[in-house]
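Listed below, chain by chain, are the residues.
2 protein chains.
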Amino acid sequence: MEVLRINLSNSSIKQENPPKDWQNLGGRALISKIMVDEVNPTCNPLGEDNKLIIAPGILAGTTVSCVNRISIGSKSPLTGTIKESNAGGTTAYKLARLGIKSIVIEGKADDPKLLYISKDKIEIISAEEVWGMGVYDSAERLKEKFNDKIGLVIIGPAGERLYRSAGIANSDNNGSPSRYSGRGGLGAVMGAKNIKAVVIDDSNAEGIKMHDDDKFNDSKKTITDMILGNDAIKNSYTMYGTSNLVKLTNSIGALPTMNFSRGSFEGSENINGQKIHDLIVERGGEGNTSHGCMPGCLIRCSNVFPDEDGKTIVSPIEYETIGLLGPNLAIGNIDTVAKLNYLCNDLGIDTIETGGAIGVAMEAGVISFGDEEGAINILEEIKKDTYLGKIIASGASSTGKVLGITRVPTVKDQTMAAYDPRAIKGLGVTYATSTQGADHTAGQTIRANVDHRKPEGQVEASKGAQITNTLHDCLGTCFFLGGAIGGDLNLLAELYLSMTGVKLTLDELMEISKETLKRERKFNTDAGFGPADDRLPEFFYKEENPDTGTVFDVDNNEMDKIFDF
Amino acid sequence: MEVLRINLSNSSIKQENPPKDWQNLGGRALISKIMVDEVNPTCNPLGEDNKLIIAPGILAGTTVSCVNRISIGSKSPLTGTIKESNAGGTTAYKLARLGIKSIVIEGKADDPKLLYISKDKIEIISAEEVWGMGVYDSAERLKEKFNDKIGLVIIGPAGERLYRSAGIANSDNNGSPSRYSGRGGLGAVMGAKNIKAVVIDDSNAEGIKMHDDDKFNDSKKTITDMILGNDAIKNSYTMYGTSNLVKLTNSIGALPTMNFSRGSFEGSENINGQKIHDLIVERGGEGNTSHGCMPGCLIRCSNVFPDEDGKTIVSPIEYETIGLLGPNLAIGNIDTVAKLNYLCNDLGIDTIETGGAIGVAMEAGVISFGDEEGAINILEEIKKDTYLGKIIASGASSTGKVLGITRVPTVKDQTMAAYDPRAIKGLGVTYATSTQGADHTAGQTIRANVDHRKPEGQVEASKGAQITNTLHDCLGTCFFLGGAIGGDLNLLAELYLSMTGVKLTLDELMEISKETLKRERKFNTDAGFGPADDRLPEFFYKEENPDTGTVFDVDNNEMDKIFDF
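Heads up: the protein sequence lines correspond to chains A and B, in order. Just so you know, we're using my numbering here: the first sequence kicks off at 1 and counts up by one. Just so you know, we're using my numbering here: the second sequence kicks off at 1 and counts up by one.
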């Protein structure tokens, strides 16, 4: 596997053999290694010295279920921390099949560029014809220009305009650029480098050369059987997708409602997984209740959400988006949420950050809570790049500063995901202490065996979740795979052994994860972050969540020791 | 002397005898003491837990020249650091004469209030009749309501709207609310507490009870004679005011021009001190070339700048304002600068921060550099509270984030004063390391005996300046007094002895200053600031100032040791 090093300032393209100590590092682990070794932590995230790194996990490149997530990393212009933003889709699969361990994009181009990568050719070419276009149209144009099997890593107008909420879209199994590395404003880093898209053509790629084909097939079969035999997965994620969570979080007072002023939403039954499932079935047409985002996925928690005529509104519609663009804005109309979701995707902005920012704007009275048309209009303002649009697209923290609002649900300037930290306190610990700013995927504790409303045990729960989630981000495996295989991560070590001949114990895997977290933590410390930054916004300590009667009260000293391992 | 402690959340008013260890602490020293002892460094600056502290220096209350500066302090909503913002005017004089050592404003009122303070009465009363009004009209209305001898500590619409650039105005000798504690957004803290103004009526106040009248008169006479005998002061500050600096900074490449892209300005001769002096003389009417901002001031660097008909445009017009709203915007018309200055004052926003933010907006193409009408229009947008207005008024850093500009001349989110740090590197060290964010008054090195363009010796120069400037902020003395009395600060110790009977050596005074800096530093460390925050924006290290051929290159390790004393 080779490392592609692209320097846009001098248009150089280098294909390097990675150093030996990168061998077992992929995804988030590799990003942390490169960032710590090569990038000045105090650099301007939108300047020439920052790097954008695209790295598949170490298991990528086969059709084993749930092993092809892509990690995209950099110093974040939203949080100022190191950032790894993780997505499904085909990017990791295609890169691994082309023998590419990582793409490291350095410097800054003078004018809009595409990076084209195929088996025979790697080149930097003009992106003029798609610059300024929305994500979906750009993707269509690029598929016409190249071929419709290409994979894309692509930004919308948001990234081009350096919006702090800009994400990076990855093509899904159907070639639709809908799998978002959404968090942390990485789209703006790509835009600052003047890269509209990385075009990946894996036609005739050699694919992964297996160390032991038989063992690989055995491993694959074991995993396949476990997933297909897991009724809990089938009856939740496969049937209802991630929006299955609406019912749960609403019932425990954790569903953020009206800018995190409460934890349940009247009308949540109109936006939950069951309702979405039934609507998709009823409307038919292009709708699909269970859709895989990555090659080989058997969980298929993704979906295609159609309008009344069966035409796709957006794909997928997921829990976090529903939470932030639905109840958080007091919007209970799933068609409106789907439309907002589509508009965000096409502009190339993070739905979570956008929902957070609009919630703050609603609190400021820009529009009222529940104003569906107003919310859609705000997305139009972003599209038109008006001042209001720019404010919202700069993220919830900036929006709060500009509009004079102090109830802003962010940590390190990044909006929380759709879980109230007073109702799921372990996740509150993750929001506060994660190396990534407020982020549920950095350490989800909703399934942890603790009383979510009590402060006790939350730091331990978060620590365990942070280490496990990080491991998935290094392997490139989907977090849901852990549940599907009963948490037996040895199966993944065996899969890796069959692919590479390298035997890693579970302890060694965990060590990779812990070292990744420590490297990230070091980057952040050197960038100026410390204990005072590892806190939730003041109002979570002072205002009770009326649905739980709790405030966030996990001990600071305990939180400050979470990375002592 | 007593401490007034006003808690707005429960409308309580307490008159306290200060603890013994506050005896020799005034101004910035006292603010740092109260903030460190009483305020959680991670609190939300616009929340109930922050405090707003008004504290005269320990020499306040007499008509000795240059001893009545007021310190206003808090945790800053702009920088997130501790903040002391210092101004002339009559506030310190009147408070000291009323026997008030400090006002500590806590909590938050439910609706707009005035705090009224006189010899016989202290009360919290409604401010409804002036809420929403500009600073000048509010002051007129309050003078009608009370009497025209009152002093005011007052905010404009900017503070009410929680703009991060909002300052606090203090009445000058003529009762005009024009002496600004402008920096750090303290007006927003006052606005968040729902306080429009502190009304100070010192009629029949007892004044300072002298420990030794004869000695006091001797001290006063010595200082008076020294100032009046100082031709350098007379021929610079008294004659031309602070704008005398334009000629100097322009000549050494330090005058920020076009968003700090160069250090000299074609047309600077139309906005320098000589030109302003001549214009004031020529236009006559209300104009005044030499005006004292504080009772008893003999330097009189302030001025009244009239229009062609002799009617006041603004008073005073000063160097920093000229630099940031003039050359930094490529505006060379002094009447336009004066008008912008007036509009800022009336809204209650810091002219430095506003100039910084408009410079960034010009770089973003919102209007062109040099567009005078456009700049005035932006002030109108702020007045109308439009989205563009809100963006600009949130300060230069926020403006950069929202508009996607990375060349933003701020440290800790506060705009630099009108000195390019590549041309006066000691001041660059002050900008970087000061406890107050980028601020020239925190440690001015322009007169230091170093080669300003070389990195060597700058940390020492800045350290000395920071300690001396802080001492002035504790005593309540004007920085210019130091020059006027030939740097002999023993004279100030003698003055203090004559007033109080307390003998402080110069070393003890310096110790007060150093302890103040250390307390401030501790507050900031606990608030989350560290070495990575003590840096200039990236472009100063990378882009040469074309007028000096230098970048900022003072050694980071050396800077990080500046507070090791």
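No lab work stands behind these hints, which were simulated from the structure alone. There's no promise every hint is true.
In this list, chains with the same sequence are indistinguishable; a pair is considered to hold if it fits within one copy or across any two.
[Unchecked claim] Using 27 Å as the maximum straight-line C-alpha spacing, the simulated BS3-like pairs for lysine-lysine come out as follows:
no.	residue 1	residue 2
1	K119	K221
2	K275	K311
3	K149	K215
4	K384	K311
5	K522	K221
6	K522	K561
7	K108	K542
8	K119	K149
9	K149	K220
10	K514	K121
11	K119	K542
12	K14	K542
13	K454	K149
14	K522	K542
15	K518	K383
16	K121	K143
17	K20	K518
This one's a predicted model, so the numbers in the text were calculated from it and none came from an experiment.
Cross-check of the supplied hints:
Taking the shortest alpha-carbon separations for K119 and K221, neither the intra-copy value of 29 Å nor the inter-copy value of 88 Å comes in at or below 27 Å. Proximity of K275 and K311 under a CA criterion of 27 Å is satisfied intra-copy only: 18 Å inside one chain copy versus 70 Å between copies. Taking the shortest alpha-carbon separations for K149 and K215, neither the intra-copy value of 30 Å nor the inter-copy value of 92 Å comes in at or below 27 Å. Proximity of K384 to K311 under the C-alpha cut-off of 27 Å is restricted to the intra-copy arrangement: shortest distance 25 Å within a copy versus 44 Å between copies.
For the identical chains of this complex, K522 and K221 are neighbours neither inside a copy (40 Å) nor across copies (59 Å), given an alpha-carbon limit of 27 Å. For the identical chains of this complex, K522 and K561 are neighbours both inside a copy (14 Å) and across copies (21 Å), given an alpha-carbon limit of 27 Å. For a Cα distance limit of 27 Å, the shortest separation of K108 from K542 across copies, 15 Å, qualifies, whereas the shortest one inside one copy, 45 Å, does not. Taking identical chains as interchangeable, the C-alpha atoms of K119 and K149 lie at most 27 Å apart only when both belong to the same chain, with a minimum of 14 Å there against 83 Å between chains.
Taking identical chains as interchangeable, the C-alpha atoms of K149 and K220 lie at most 27 Å apart only when both belong to the same chain, with a minimum of 25 Å there against 87 Å between chains. Taking the shortest Cα distances, K514 and K121 never come within 27 Å of each other, neither inside one copy (37 Å) nor across copies (63 Å). Taking the closest pair of Cα atoms, K119 and K542 never come within 27 Å of each other, the shortest separation being 57 Å inside a single copy and 38 Å across copies. Taking CA atoms no more than 27 Å apart as the test, K14 paired with K542 passes between copies only; the shortest distance there is 26 Å, against 53 Å inside one copy.
In this assembly of identical chains, K454 and K149 lie within 27 Å of each other by CA distance neither inside one copy nor across copies; the values are 50 Å within and 58 Å between. Only between protomers do K522 and K542 lie at most 27 Å apart by alpha-carbon distance; the minimum there is 25 Å, versus 31 Å within a single protomer. In this homomeric assembly, K518 and K383 never come within 27 Å of each other (Cα to Cα): the closest approach is 39 Å inside a single copy and 48 Å across copies. For a Cα distance limit of 27 Å, the shortest separation of K121 from K143 inside one copy, 17 Å, qualifies, whereas the shortest one across copies, 78 Å, does not.
Taking CA atoms no more than 27 Å apart as the test, K20 paired with K518 passes inside one copy only; the shortest distance there is 20 Å, against 47 Å between copies.
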